[in-house]
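From first to last, the protein sequence lines are chains V and L.
Okay, so the first sequence: first residue is 1 according to my numbering, each after it adds one.
Okay, so the second sequence: first residue is 1001 according to my numbering, each after it adds one.
These are computed hints drawn from the structure, not numbers from a lab.
Cβ atoms here follow ideal geometry from the backbone N, Cα and C, with glycine treated the same way.
A couple of the hints might just be wrong.
Simulated crosslink set (DSBU-like; lysine-lysine; CA at most 30 angstroms straight-line) [said to hold, decoys possible]:
| id | chain 1 | residue 1 | chain 2 | residue 2 |
| --- | --- | --- | --- | --- |
| 1 | V | K115 | V | K94 |
| 2 | V | K77 | L | K1052 |
| 3 | V | K77 | L | K1123 |
| 4 | V | K153 | V | K143 |
| 5 | L | K1052 | V | K94 |
| 6 | V | K156 | V | K142 |
| 7 | V | K152 | V | K142 |
| 8 | V | K77 | L | K1189 |
| 9 | V | K151 | V | K138 |
| 10 | V | K94 | L | K1073 |
| 11 | V | K156 | V | K131 |
| 12 | L | K1275 | L | K1189 |
| 13 | V | K131 | L | K1073 |
| 14 | V | K138 | V | K153 |
| 15 | L | K1285 | V | K94 |
| 16 | V | K152 | V | K138 |
| 17 | V | K143 | V | K156 |
| 18 | V | K77 | L | K1275 |
| 19 | V | K156 | V | K137 |
| 20 | V | K137 | V | K115 |
| 21 | V | K77 | L | K1073 |
| 22 | V | K138 | L | K1073 |
| 23 | V | K142 | V | K131 |
| 24 | L | K1073 | V | K115 |
Residues from chain V that face chain L, not an exhaustive set, calculated with beta carbons under 10 angstroms [to be verified]:
| id | residue |
| --- | --- |
| 25 | P50 |
| 26 | L52 |
| 27 | T75 |
| 28 | K77 |
| 29 | N80 |
| 30 | C95 |
| 31 | T98 |
| 32 | D102 |
The residues making up each chain are set out below.
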Amino acid sequence: MSTLGLLRGPAALARVCSGPQGLALGEKWRLLSPGGPASVLQVAGKKDLPALLPLEESELEEQFVKGHGPGGQATNKTNNCVVLKHVPSGLVVKCHQTRSVDQNRKLARKILQEKVDVFYNGENSPVCRQKREAEKKKQERKKRAKETLEKKKLLKELREASRNPVETTAGSDRVSRDASRE
Amino acid sequence: MGPCGRVLWTLLSGPKGRRGDTQARAFSLWSTLHRLLNPTELVSHWTGVFEKRGIPEARESSEYIVAHVLGAKTFQSLQPVLWTQPLTPQQLQSVQELCSYRLQRMPVQYILGEWDFQGLSLKMTPPVFIPRPETEELVEWVLEEKAQGLHAMGAHGGPRILEVGCGSGAISLSLLTHLPESQVIAVDKEEAAISLTCENAQRLQLQDRIWIVHFDVTSERSWTHLLPGGPVDLVVSNPPYIFHQDMGQLAPEIRSYEDPVALDGGEEGMDIITKILTLAPQLLKNSGLGDSTLQVLALPN
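Pulled out of the complex, with its shape left as it was, chain L reads as follows:
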């Protein structure tokens, strides 16, 4: 085996877990191929490695990582002509490095350092909570409410929105993007979330329409300074709602890498939710319907 072969062997074998096993596999792979792998082969290889180590979403993880190294967001969106072109040693090296993180159960979004939400590309850094796909539907609902002119989100500009627990800024920035006249106050009790939301807002050039405030809604501090323009039209949130006793059962990806504060909803899973609902009448503009009607949209687990 020349120097190229040696490099390739190391790149394919991953961390020296079950040594004999991975070595034998890598060697047989090399001996049959005698060339650098193309994306399709590489994905198959790493899928096998992940599956053997019990990593969930083995194929998906493999595809995202390889696609990312080749500059695409998904494997399917990679130009088909590239599927059979060999990767450079540098690219193989990158893939290996990223895959080694996956072997440590790091979520793909943190490995890639970015993820998409409602068509927006957002930076992701641990331990800030990764936006879930279901939350995209929450945003869709808000947009539909606006499109139908319901309640306070009527014709005259705005709406003014308060997001509780903004995390990476996914919900806020998505709403700002789709509602060009809206303004958002985004609040989170974790400094890391505040920084990340800020960074994402700047990446998307939305920093002029969002106020990002480090604030704990469960604290006794006054809300009034938080809402300089007075009450808002809409309060939106994806608050923590996991039962405290269930926290230990979460997958390693979540347990070891994401901020538990973003997940733990207390004994009944309702701590933050209750707090938001209690404060809602003070936060929200009177919709002019007499008794203020509070509309709660909830996605079931």
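Bound conformation, chain V alone:
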């Protein structure tokens, strides 16, 4: 099918079923927007961003690095790296964060969904907004920490000044007393 020599996961799985039901194979891996029925399969951890553009499984190409030759019990492949491509945008994500191929597939989809959203929505993407907010908070924290540090420094200096046997005038007496009262 493609030059990457892909093994499409869902399509390669057969189902021998004597009952009437059958899941459409493509449904299994669709990443639904928050609140969908398959939310039990969503990755826990990082807070979900509000309403990102959903990824259509049909637009994704997944490269199983383990895809050559017989699989299953006959082999023991440890390479669980997942390479996932979003065809319309050309964006590619490579995920080897965990030792579980399943987890890596989910993570890859999550990361790709964010990247795709930024690709199409630019600065308006919730991804960028969240980043900006986080950066802003970080700067504020830094600023506050700096101010606290400076205050402490000033306090220390004043205390030391009042402790040293320096000729005191009425004015400086008052200053040191005020400082110690803080």
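The hints should help you fit chain L onto chain V, whose structure is shown.
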């Protein structure tokens, strides 16, 4: 070369296989570096060693081992700041030791003594069968069946599940984790598998919802005592299915370290599968559809 240099030379050269070769390589590496290696360099080094000795997945093995010694599960998940920080001599020693096992074709999962399955960290010990990545998909299917409320896995709690051939407990424990009201009876004919499943269940604090039984499904022994609560909603298994005549062609990693009993499916590769299917009607609850419909989900090789 001072004492530090000598230590480093030994650590980099691995077992004295092709002596002159590895010595020359280790020495040239040392002479250009004059310092302890960082993870990235170490991975490159051992990848080269493995490749030269024909070890499959040279880079992956190298990465997993180095990451493990540094406390991470994968190389990519290691904090990037650590990639360029030199390892301590103790860490280098650990890496060398683990890599020497890899040179003997020990599977990475046994070398590390642990592996992940569906996000769960499980202990691995030879010769208990190492869970395969494809089996994670089997678990996903079961979870989807439950989510869609199909067949017997309906709304009212449960399901009650029987796993045949639990091995390390991967499938059972994964299902228990994702289906908080489920209960599992896990069965295996090997004592080592029973112990390991037990240990993993305790590690994950799931021991209260799993019954682990040493039992051979091909034996003539009665099943009834096995299912104290009566028939189950689901039978799940990753049974051995390799053709007996193909067993000799398996990679050394599998042939030399994993229990053949977990792989050998007999002449047609169907011995255990057939047995499970034969017993299924007695094991499974009638789904209430009249003739019991048996749904078999199979992953092709």
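Right, here's what the structure says about each hint:
1. Taking the CA atoms of K115 (chain V) and K94 (chain V), the gap is near 12 angstroms; set against the 30 angstroms cutoff, the hint holds.
2. A threshold of 30 angstroms between alpha carbons decides the hint, and for K77 (chain V) with K1052 (chain L) the separation of about 19 angstroms falls inside it, so the pair holds.
3. Distance check on the hinted pair: K77 (chain V) and K1123 (chain L) sit about 18 angstroms apart at the alpha-carbon level, within 30 angstroms; holds.
4. For the given pair, K153 (chain V) sits about 15 angstroms from K143 (chain V) by alpha-carbon distance, which is consistent with the 30 angstroms threshold.
5. A C-alpha spacing of about 27 angstroms is found between K1052 (chain L) and K94 (chain V), which places the hinted pair at or below 30 angstroms, so the restraint holds.
6. For the suggested pair K156 (chain V) and K142 (chain V), the alpha carbons sit about 21 angstroms apart, so the restraint of at most 30 angstroms is met.
7. Restraint check for K152 (chain V) and K142 (chain V): satisfied, since their Cα atoms lie roughly 15 angstroms apart, inside the 30 angstroms limit.
8. For the hint linking K77 (chain V) to K1189 (chain L), the alpha-carbon distance of about 25 angstroms falls within 30 angstroms, and the restraint holds.
9. Using a Cα cut-off of 30 angstroms, the hinted pair K151 (chain V) and K138 (chain V) holds, with the two alpha carbons roughly 20 angstroms apart.
10. Among the hinted pairs, K94 (chain V) with K1073 (chain L) is consistent with the structure: their alpha-carbon atoms are about 16 angstroms apart, no more than 30 angstroms.
11. Between K156 (chain V) and K131 (chain V) the alpha-carbon distance is near 37 angstroms, which puts this suggested pair outside the 30 angstroms criterion.
12. The hinted pair formed by K1275 (chain L) and K1189 (chain L) meets the criterion: a straight-line CA distance of about 14 angstroms does not exceed 30 angstroms.
13. Restraint check for K131 (chain V) and K1073 (chain L): satisfied, since their Cα atoms lie roughly 27 angstroms apart, inside the 30 angstroms limit.
14. Distance check on the hinted pair: K138 (chain V) and K153 (chain V) sit about 22 angstroms apart at the alpha-carbon level, within 30 angstroms; holds.
15. The straight-line distance between the Cα atoms of K1285 (chain L) and K94 (chain V) is roughly 44 angstroms, outside the 30 angstroms bound, and the hint therefore fails.
16. Restraint check for K152 (chain V) and K138 (chain V): satisfied, since their Cα atoms lie roughly 21 angstroms apart, inside the 30 angstroms limit.
17. The straight-line distance between the Cα atoms of K143 (chain V) and K156 (chain V) is roughly 20 angstroms, inside the 30 angstroms bound, and the hint therefore holds.
18. With a CA separation close to 29 angstroms, the supplied pair K77 (chain V) and K1275 (chain L) stays within the 30 angstroms bound.
19. For a cut-off of 30 angstroms, the pair hint linking K156 (chain V) to K137 (chain V) stands: about 28 angstroms separates their Cα positions.
20. Using a Cα cut-off of 30 angstroms, the hinted pair K137 (chain V) and K115 (chain V) holds, with the two alpha carbons roughly 23 angstroms apart.
21. A threshold of 30 angstroms between alpha carbons decides the hint, and for K77 (chain V) with K1073 (chain L) the separation of about 16 angstroms falls inside it, so the pair holds.
22. Between K138 (chain V) and K1073 (chain L) the alpha-carbon distance is near 29 angstroms, which keeps this suggested pair within the 30 angstroms criterion.
23. Between the alpha carbons of K142 (chain V) and K131 (chain V) the distance comes to roughly 16 angstroms, so the proposed pair stays at or under 30 angstroms and holds.
24. Our distance criterion of 30 angstroms between C-alpha atoms is met by K1073 (chain L) and K115 (chain V), whose separation comes to about 25 angstroms.
25. Below 10 angstroms, beta-carbon pairs count as interface contacts, and P50 (chain V) has none with chain L, the closest being about 24 angstroms; its hint is therefore violated.
26. Of the supplied interface hints, the one on L52 (chain V) is violated, with its beta-carbon coming no nearer than about 22 angstroms to a beta-carbon of chain L, more than 10 angstroms.
27. At its closest, the beta carbon of T75 (chain V) sits 7 angstroms from a beta carbon of chain L; the interface hint therefore holds under the 10 angstroms criterion.
28. For K77 (chain V), the interface hint holds, since its Cβ comes within 10 angstroms of a Cβ in chain L; the closest pair sits about 7 angstroms apart.
29. The restraint placing N80 (chain V) at the interface with chain L holds, with a minimum CB-CB distance near 6 angstroms, inside the 10 angstroms limit.
30. Using the Cβ-Cβ criterion of 10 angstroms, the hint placing C95 (chain V) at the interface with chain L is satisfied: the shortest such distance is roughly 8 angstroms.
31. For T98 (chain V), the interface hint holds, since its Cβ comes within 10 angstroms of a Cβ in chain L; the closest pair sits about 6 angstroms apart.
32. At a threshold of 10 angstroms, the smallest CB-CB gap from D102 (chain V) to chain L is about 4 angstroms, leaving the interface hint in force.
When the structure is compared with the earlier hints, violations turn up for hints 11, 15, 25, 26 and for no others.
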